[in-house]
Amino acid sequence: MEKNMKKYFPIFLLPTLVSFVIVFFIPFVMGIYLSFTRFTTVENATWVGIENYIKAFTQDENFLNALWFTIKFTIVSVITINICAFLLALLLTRALKGTAFFRTVFFMPNLIGGIVLGYIWNLLINSILGIFGYDITYSADYGFWGLVFLLNWQLIGYMMVIYIASLQNIPSELNEAARIDGATPFSILRHITIPMVMPAVTICLFLTITNSFKLFDQNLALTGGAPARETSMLALDIFNTFYGRIGWQGVGQAKAVVFFIIVALISFIQLKITSRKEVEN
Amino acid sequence: MKQRTKIFNGFSFSLLLLLSALFLFPIYLVIINSFKSKFNIVGTPFEFPNEDTFVGIENYINGIQSSGIVGAFFRTLFVTVASVLAIVIFTSMTAWYITRVKSKFNKIVYYLFLFSMIVPFQMVMFTMTSVCINLGLNNVIGIIPVYLGFGSGLSVFMFSGFVKSLPKEIEEAAMIDGCSPLKTFFMVVFPMLKPTAITVAILNAMWIWNDFLLPYLLLGSTDKTLSVAIQLTMQGAYGSIDWGGFMAMLVLAIIPIIAFYLVCQKYIIKGVIDGAVKG
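Top to bottom, those sequences are chains A and B.
Here the first sequence is numbered in my numbering, starting from 1 and rising by one per residue.
Here the second sequence is numbered in my numbering, starting from 1 and rising by one per residue.
Chain B extracted, bound-state conformation (with noise of 0.2 Å):
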């Protein structure tokens, strides 16, 4: 029995290295084609960049100054923290606020909330996008009231939740000696709140760095985000694209995202698993 158990360990540990290269290797494939020189990638895709294909960080420079993603870079990043303080700020708010006071308008408002978790985006894209556009807010400020609009839903949903397992008497007391609302719920309710509030912003954070519908139809060209910038390199580029560095733009794009995600990894596939089993 034990020496089966060995084996059977022996060959799941073979298993999944092996899986884990395949896991690795496009991101790999990805890598090594960003270092070699335009004419090399179509033909010797797999091919380890040699003496003659190397090319040092050419691509990179080229990929940088051809399509703007530095500034992308910073726009998204600019884009998402607005966003994504905007809605644990406001939606924990609203979700304390209608989880304790009844009154019919708040259950309606609620049961709203919910059922914007169901609509696919395809369902509002082009009247939202009109109606953003006729207010102005097809701009890098604008878009952040849009996306506490969109992320709302799912963001109530889970802070009302959680709202509803904290004892009332706290909030009470805390109202009871003099503190007003605004007061009770920023230094007694909110700290409460910080497990959930967590896993809120890390959904909403890779939902909006990744996004590209959304800025594609309000920013647009003037203002890319990165996912947006390479839509656009690849879709203007006509078959006549410049492969190196296009290459380098996706390793540029990738890398931001693997480092936080190596760092604040614990915290993220918690907050996936709330949020899946939540929503």
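Only chain A is shown next, with the shape it has when bound in the complex (with noise of 0.2 Å):
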């Protein structure tokens, strides 16, 4: 079978493998040495070494404050939003009423795409703000909290419904079981709920940690960066540094670099931590 398969190579793989080697794995192999040169275009590169990477972290304060930003807004973000999926959840895993009106309304948020919910949350927090007479762009703390808002209302729906199936996959002998024997609802949730529902925490924590450091259409959308840079999260930083600074472009490919090595070492990490999981099972 293997054989007669083989002969019809070029109508099974090359349509995808062509398109994925000129989209993706050209481009990547290039970025990686245009990271080490300076250039405007890609044709007119001149090696300078590790230079693009020390600009990146001492002339430019910006990609440190974008780092940092970065950081602090993913902290933030994976924490609320995940407590506040997981109640959810644990809300509606009981029989009450509306239950799938309400799992309706709270996963809708997370179709309406970056652009968009940015510009709906600009209304918002500006209405607000505006009633005291400032708005989004006014301090650094509103853009944060406002980005933190935002990815709540965007991302709790879709945490919630992966609680959700993780919660109904419990046997319901489990928590009867414990319930004969005296167990109090609480010890129930700390002892059988909260340690089988620990593959979906796994698959929500990275879930939220990527979405939140990799976040550019609603950052763009909602505060721009604004005041001045203080709001730009790293994806938005690299790009202004691209096609904002003229002669800045390799120190652009540079934080790119560092931003993807970022990137893979969290994914690295869930990788571990999933298949550690899997050999325990």
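Hints in this document: simulated from the structure, not taken from any laboratory.
Check the hints yourself; a few may be wrong.
[What the hints assert, rightly or not] Cross-link-like lysine to any residue pairs, in silico, SDA-like; alpha carbons within 25 Å at most: (1) A:Lys3 <-> B:Ile170; (2) B:Lys38 <-> B:Ser66; (3) B:Lys270 <-> B:Ser66; (4) A:Lys97 <-> B:Ala21; (5) B:Lys270 <-> A:Ala100; (6) A:Lys97 <-> B:Lys266; (7) B:Lys270 <-> B:Leu77; (8) B:Lys266 <-> A:Thr93; (9) B:Lys107 <-> A:Ile261; (10) A:Lys3 <-> B:Ala82; (11) B:Lys38 <-> B:Gly71; (12) B:Lys6 <-> A:Val263; (13) A:Lys97 <-> A:Ile79; (14) A:Lys72 <-> A:Asp135; (15) A:Lys3 <-> B:Met117; (16) A:Lys214 <-> A:Phe144; (17) B:Lys6 <-> A:Ser172.
Join these two chains into a complex; the hints should help.
Okay, structure coming up:
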């Protein structure tokens, strides 16, 4: 069968592979190379060694500021989103009226695109701050919390459905047995529910970490980095370095490589944790 | 005990109701403001439109005329449908091929696809744009293979996972009976892949429909998609924005997604859970 199939290699493999090589593989390799050069277009690169990396960390305070802002934002969002989503999932797996309706409502923001989401929240936050005579560009704190609320609104429903699916997989005999043995609702939660949903917790933690860390559209639409560049997250800062500063493309590419390494490390840790869990099971 | 449960349930229900209202409030705010005259949005955003402020569908007419949003809508629809079809067909073929034909090359290809999933878009943003413009892929047709390339990582991964669980014997029987690999794939294998195909289609459709940066870089303002049209309206206005028309644009951008969601909710939620668990 394999021999027979191999003749069909061009039909089965080439369309996907050629597209993949053109839009991902070649640009990726070029990107690594260009991060060590000075260039304005991909054709006029001159080798400068690690100068771009040094520049990114020393001559451009925006990058470190964006890195710090992104880390702070990720920590706060990951905690708030997962706690809210888990509590909602607990409530919605009880036999209450209207759970289907509530699930529909909470999940809905997840489908709206980042740009549209950003402008919806731009209207809402500026309307509220407008009462006091401010707007979102007045202080970086407003932008920070605005982004936190926005991402909570977008991702709570998403994480909630994952937690619900996981909670529904807990065999009901387990809870019943514990109840008959006289366990309190709190100790059931602590000793049965939470250990049983740990795989979902891992998934949701990493989904929220990567989604917060790579945030771009929402950041661009909600604050655009204002005031000054104070609310620019990493992705937006890289974009601005590429397209906003002539002669800094090399630094932009170096920042992008650093960004890639951080994201790759996060994914690698996730892979290690999940595969260890699978071995244990 | 019973009494306490009842009170707790009543309390939970009210809490959920309040939270739903909070969740819907941002959308409600955009909708009411899309019916107010542009001068009344900035001053009194929370007020329901009244006799003085209500302008009917005027904002919608202005928004549609000035932003080219109708064209953007159909362009986005075309790009999304065509790219999703290309992704589902080609990546399922690829996944089947590299799972069934064991070779070193195929293994490397598979791991490259996996690897691409962890690379953030900014890493290849600049170089990809210049490669694609040089190859003439910066138009609504050319962007389809671009989406195929970027969508292939997750899609090949999900299809491969499913192909591994399929028994080989059915395919072998089909080929012994004289089916070509192509016929075997489309008549025998692809129908079995249907659940995964739906998941892959939904995940990619949500991404491509809402995508901003890729169409912004490749299609720009000449062939704007919905997200690009909205961003450019705001970006180009420099403070003198027609808020009424802009609100109407936001509403027009949200309605199709919500309608689609309400119709296909079951598949969307299932697709998102499957994608999260495997991705």
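Here's how the hints hold up against the structure:
no.	hint	verdict
1	A:Lys3 <-> B:Ile170	17 Å, holds
2	B:Lys38 <-> B:Ser66	15 Å, holds
3	B:Lys270 <-> B:Ser66	39 Å, violated
4	A:Lys97 <-> B:Ala21	16 Å, holds
5	B:Lys270 <-> A:Ala100	14 Å, holds
6	A:Lys97 <-> B:Lys266	19 Å, holds
7	B:Lys270 <-> B:Leu77	23 Å, holds
8	B:Lys266 <-> A:Thr93	17 Å, holds
9	B:Lys107 <-> A:Ile261	23 Å, holds
10	A:Lys3 <-> B:Ala82	32 Å, violated
11	B:Lys38 <-> B:Gly71	24 Å, holds
12	B:Lys6 <-> A:Val263	47 Å, violated
13	A:Lys97 <-> A:Ile79	28 Å, violated
14	A:Lys72 <-> A:Asp135	22 Å, holds
15	A:Lys3 <-> B:Met117	30 Å, violated
16	A:Lys214 <-> A:Phe144	15 Å, holds
17	B:Lys6 <-> A:Ser172	21 Å, holds
When held up to the earlier numbered hints, the structure conflicts with 3, 10, 12, 13, 15 and fits the remainder.
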